[in-house]
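Take each chain as given, in its own frame, and dock them per the hints.
Here is how the chains run, residue by residue.
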Amino acid sequence: MSNTHEEEALGKAYDARILRRLLQYMRPYRWRVTLALALVAVVTPLELAPPRVFQMAIDKYFVPAMGGSLAENEAWHGILLLSVAFLGVLIFDFLAQYIQIRIMQRVGQQTMYDMRGEIFGHLQRLPMTYYDRNPVGRLVTRVTTDVDALNDLFAAGVVTMINDFFLLAVMAAYLFKIDRKLAVDALAVLPFILAVTYVFRKFVRDANRNIRTAIAGINAFLQEYISGMSIVQLFNREEKARAEFGRRNQNNMLAWRDAILAFALFYPAVEILSIATIALIYWAGGSRVLGSTLSLGVLTAFTMYATRFFRPIQDLSEKFNILQSAMAASERIFKLLDEPVTVQSESGALRLDGPKGEIEFRNVWFSYRDVAEPTDEDWVLRDVSFKVMPGQTIAIVGHTGAGKTTLISYCCGSMTYSAARFCWTA
Amino acid sequence: MSTKATNTKVDPSGRTQATKPATAGNNLLGLTPYLGRYKGAIALGLIALALMGIFGNVIPLATGIITDTLTGNPEPFQTSEHGQVVIGATWLSRNIPYYAPHSHQTLVIYCLILVACVMLKGLLSFSTRWILIGVSRDIEYDIRGDLLSRLLLLEPEFYVRNRTGELMSRATNDLNNVRMVLGPGIMYSATTLVTMVLAISVMLKLSASLTLWVLLPVPIVFFAVRHFGKIIHEMYEQIQASLAALSAKVQENLSGVRVVRAYAQEEAELRAFDEPNREYVSQNVKLIRTWSLFMPSLQALIGTSFLIVLWQGGHQLLRGQISLGALISFYTYLGILVWPMIALGWVTNIFQRGAASVGRLNYILEAKPRIDDRNAIIPPQTTIEGEIEFRTLTFTYPTNRSGLDSNNGTRSNGNEPQSILRDINLRIPAGSTLAIVGPTGSGKSTLAALIARLWDAPEGEVLIDGRPIREWPLDTLRRSIGYVPQETYLFGETVGRNIAFGLPKYDLSQVRAAAEVASLDSDAEAFANKYDTVVGERGITLSGGQKQRAAIARAVIRDPRILILDDSLSSVDTQTEERILTGLRGVMRGRTTVMISHRTSTVQDADQIVVLREGRIIERGTHDELLRRAGYYADLYQKQLLEEELERA
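Residue numbers (this note's numbering), protein chains in the order written: chain A, 100 to 525; chain B, 3 to 651.
With the rest of the complex left out, here is chain B (with noise of 0.2 Å):
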């Protein structure tokens, strides 16, 4: 297991705390190899965005010298008040060519160059943000398909530790927050930068004591932007919050509309509902409080800027200091700061719940896994021939958590986790059949997953063929195990693609033999598309036999060397299980079958069967001799026997 995971405290909730916020900065370094391989885009799109704030710079300073020659100054941004010249940026009148005061010709010249540069600048904008946000998109592209090979990698223990809705949220809400300091998070913080670089240099040219107060309300917008951005964030989470708990008293009430009707609880919920309806509710006002104070005031602040450049640019210009150009440039660089000056504040709570994001997609993308090839030493193309075997096999699950596995055998009632399996001697020869009877919670399945590798036994206590288990690449070891499990899971495609979904290839022909084998031929063909027909999500459209029987078809197809039903004919009636058997004993014919039921009738013909108890082989041999001994095995056929008899009556 990884340092990290074992470093990381789970609360009862299943979240996860990966790393403490302090570490932000260095979380966001994380992300540099998925920059990396973008970094000529990247720098194309840097440069395209400095030149988009060099000639975006331009513009106010054109609409400053058209002013200027309207008044008839001499030279653009200079006061000559009686005479002489008190400030001025001469570098400008000596790079602004064919300027002169009262002329026709030098406004159209000015005009035309705002045009200019303002397609210019449209030009290099477009590219900025098609590159720079293009990129973004494109890193999380990568890094959501690393998520899911990273997914795909992880043993089941990480699935048990950590909730399917929790890892949603990492995959989805904190990728986004990720994708948000690539794209956005990049594109404005350096917008920013440059705008404000060539916005106050130029500024300071042309009044530096103007600039400074034009600015006073730069930093109150930051913080303003920072704080209110932050409560805001945080309220709507909250609101995101209730508005979940309302769907779900919504959701639990229809659901259950039958019973509130029967027990005539209408009026008792529509209290309840009130509830989470005023909840929600409260909890928008509180944001509407803040939001409802945070856009006026912002515009507020930013318009004290205005007010900034009259009132003092006014002063100095009545003083002779700057130019009416000047002052106009001003009020029009302003323009151009007010979006700048609201980034500032929003970036900075990109990058910071990005960092935190990070850490959280860190927690997958870097989280070890416990099962792989890591002692695979046979080739891989060697075939199995399917015995197994058992050595003084004791097991624990190594997570703490109660009711991890399907058979909820497995809570400990103290701090001392509980072995589920002690003990364990049995050899499986290839080709025969073992059946395993026993109690709910003895370690039956249990067993049979520890052979299929979803959860790792002790080193040396399974053998496949005589060699450790670990010894075999995963890969090949599962492609030779048809494994029935016992709760069906059934993906939201076709029925044929569900049964072919261990097949490399779709194959009809495959999937009605195997659909055949497992007594599914009949209803699938009854169904609208027959093989076609989309199963729904998780299968919700078939009966539960159905789906058992797809789930056996699902195994029987990949003709494997090593076939596990774990009590996989508990759905259906006892009729079509003994249709199944019939079509399964031609397949297991050959093959080494592990079974698990509770009906003697199903295991009765195995070569060998073997009774768990509290993890323990408690009895084992044939179904006579189990009969013979009269113990466990042999109540459960009496009793089983006799209720058949009473089915018949």
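Chain A with its partners taken away, still in its complex shape (with noise of 0.2 Å):
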């Protein structure tokens, strides 16, 4: 549980750094990324299509037609191929989705995979001293939930992060060619929509916090007293450990109550900003449409895309989120990655082609400390000097701390060498 700050600490979003040495990982599939990046371009637009193709039908037929300016006949024509426009739209936004979303999961997943790859194998010729600074669990994390953290940035994070920009800043730019005043309307919401997702996700990512930790907390006295069951009952202690639980227990369902509060008051504020967005476009842009200074179509188009800030809005910040988990997780990868490894078979190592099997060990000095000038005390091994012929039985014997595991490990090469002339003859 102590660790679980230390592991959570949410670093930086954005480090130049590192996310360029993260990107390296992506160099293999090149070409692939390059494709869905090529498919925001479709995508973009395909998403802005429908309120424009609405906007299309009440100008050009649907008012014209009710005024009597154009025939049913024509006008219904025009319908129809709206329609099927609109349905090219629905079958291309599906076909570019479907190939974006897979290939950047795919691309995810392999670059995962290397990944994992690389960080086991350098956990295979990593010096034994750093297994003793650091505990197991703490590794396994490296090689699964870190990596599954870079896992969201790679697979979806990137690629739906710049789909979302290109969308917001397309449509603002979209919505000010089409009409500058009604523009300005819609978009004064933003800052709004901004403000409220940020206090938000400050609090949902507070709120998270405090449940993880009761949850944990819950999680390990069940763990904890199912295991040692028998002892509670012998000690009389029932009472107590449902008082004690009862607790944990409280503590998980307060943590909640603040999770369901942010989420009771967001979903409203979103839904109060975009219909009183919508009411604005109408009472502004409705006046202009009576004084015959703006077509209906474009007034509904407005409504539309009013609606639509608010998903990539919500994506950009939870993506935001995952971007500095990512951060945080790669940080303690390459950390990992960039440990030295010291014990590596020199290239002027000899192969041993089926040594014989003679050791000899040649005035070994060895010191489990990384210090320059080690102490008198930390020497485990002082001088040791003995030779093994092949096929003979050496026994050891000595007290506990003597160094005799010291010198077994030697002979497989886990430590390094301090003042060591230690010889396998061949």
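Please note that the accuracy of each hint is not assured.
Unchecked claim - Dumping the calculated BS3-like pairs for lysine-lysine here, alpha-carbon to alpha-carbon at most 25 Å:
1. 159/A - 339/A
2. 288/B - 232/B
3. 507/B - 339/A
4. 434/A - 251/B
5. 276/A - 159/A
6. 507/B - 532/B
7. 532/B - 339/A
8. 207/B - 251/B
9. 370/B - 339/A
Said to hold, decoys possible - Residues from chain B that face chain A, not an exhaustive set, calculated with beta carbons under 7 Å:
10. 104
11. 139
12. 162
13. 294
14. 298
15. 454
16. 457
17. 481
18. 488
None of these hints come from the bench; they were simulated from the model.
Glycine is no exception: its CB is placed at the ideal position from the N, C-alpha and C atoms.
Pasting the structure below:
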């Protein structure tokens, strides 16, 4: 439990150095990534198309037909054409999204596969002293949970973020293009959306942290008390256990209350903002429609666009959190990968082609402490020299802590040399 | 044992199938008592939800009316082509005040109505969520508390039959599934129902035929969400399983890193790692295949509804059957129907999963404790003197799984369960000391466990103070016992709290005294925070000997009438053993003590020594008597004497 905070520490969302290094992992798949990114240019217009279709239908066919200036037949023809275009948009949007999601998810998985292999391989070469410093559980997390956090970034994060950004930018530009005045009204809601989303995210993040802590507390208790149930019963501890568990159970409930509050406030806030924007557009634009300075189609299209700001912004804020945890995870991973591998077969190392098995220690000194001038107590092995002939069995006897195991580890190359001369003799 | 438990089948993995999925609906009914406690709040939440639906329903209407006012339609939603009203919702125009075509005032009024409605809706939707989801968390709290209370009542045998991991999964995953039913399940199905009924009834008024057209994709969306949802859920579970396999592989490799290096197995390990790594990726890719299809097709299906508004709505508009306002209302109605459409399929999955989980929770909640106070007739405040008697005791473990007792002695070699204890006749006078020796698996620990009723001996075969053990209230009986189990189990608390585990109230001076008896005092004083040092999960930071001594202190501090020491000095060296025994001797005076040991040096001062072998008493007497008999005990004594001499040499 004590580690959760450290593990959860959120760093910066953006660190150019780390990001550049992360992108290296996508190199082998760069063509596929490029294709997925190119599809952004296709998906965005397609997602913006439906209101535009309705705008055309209203201005070109419905209103003229209702006013009698366009024959019903001709108008119906136009609507049919627009419907076919709409269908086309749906189909292309489906295909483009399918391909995009599929490519990115696959690339994400492949990247994770490579990365996991690399970390695991690196762990196989790290010096034993590294394992003395780092608990196994934490290292397992590097290979599993941390890599998965990156998956969210590779698979969904990067491309959807670009998608969303692009969508927002193009939508804003498009609204300005069709009607500058109304665009200002429609976009007036953006700061509010950003503020609400920001506060919500922050709230939810804090709540989630409390929830995780509370759940961990419940699980740890259950695990411990189920395993030790007979002790609990033998020592008449049931009442106290119930009280303690009740406390943890309540903590969990209270932690959830915060999250429920956040969501209960957020969803209505989003709806109120978007409907208020629509009302604003109707009010401001409607007057102009009545004064015949704005077409009804454009007005309707604006109300349809007004509801489309939220998803990308919500998405982006969610992705921002993903980015944050991915950065933290990659920082931990890179720290592990940058850990120097000290025992390596040096280039001049002899190949042992079926060593006969003669081992000789010549004046071996060894200390576990990695300091320039080990003090007298630091030395575990002092000037050890002996020779074992092939086929011989030797026994090493001594007190606990005398250095027996260190001696053996030496033979296996687990330790780095200090003042060592240690020979395998072929 | 409960009828439920007898009906369940335990497969080799220890997973228990509680009930058949066919009874899913009935299972969910089991939740009604929990819901009943909150019926006021739930009713309030549902009322808020219904009102929310009504206000929400006005919003699309208002957009339509605004559109119609802008087109100069004299009456909203009515079309008067060539002067005749073809179809229309006359009831609406009668009920909508201040409507005038081409009127700025009307526009403003309806814009304000729009804002007012969404505000009210927002307020109600806040209340709905706060109340209904809140109740689901309250019920989760209740159920979780009940789960623990039940678990506290169940006897060790239950925990032999059901592994910790399996019970944990019920208390976490299954509870969560049930919570999903109670919270989002109920809320979203009610929202879907209310929204759909209201929206569809208004839409039908506007145009019945267009409504049917527009709702065409709904069943497809329903089945798509249901189908994909199920597949995705299953795949997700498989992914979790392969992630677990991957973690296990890494864990195994890293824990044994020294061995891997020593045998130069790095390359082989890399290859071995590749398999779970690849497997995990391929499971994920399977999910991707479904997922990448699911999301876009859902979007396309919903888009189709909007396409129908344009196509069929346009057709009806051009033929003068609906107004442009009605068409825009349809568009907006679809907007508020998108979520209910998806929720329909999603919620059925939640209910299905929840029903299965209720069954699995009931397995615990309805489990009947086998060892309880049903025969207790002695008043609870009666004090136990400490006389223990076994009368022709024959005991067989009720479960046929092997290796369940800590002494590993119950391996049955056929279908016939073997008796672990046979025909034991033994009386331990109050205040005396009994020592039990014998080979591994002879039934020593079982005999001790029967005294504390961890297992129930056949009726009338174990007596305390002359009364059948089942007549004593369990609480009274166990309060009189200080038990040091063979396998030490400590909790992840402080040393002091572990020692005071069986005390009603923490008391440092008592803890100190108990630690002194168990010779743990000097160790504890040397810890970083003395008695406030946290011992870690299961006491991992303590040595084996320290753990055992903490367990002795934990038993002694209760000032018990009966002290049971089950091979509790095995992890300490002979010198410490001597010290502890000296300390214990003072405590044992006047108490009934049952002491199990492999060492004759530990037991030689006992008032009575019995030798157990294959569940029978083969020798009994004092140390001197047994030496004279020259049997198993005398043999053991000679061997250990020899060992001691060798050690000294």
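What hint numbers does the structure not satisfy?
-> Failing hints, ascending: 1, 8, 12, 16, 18.
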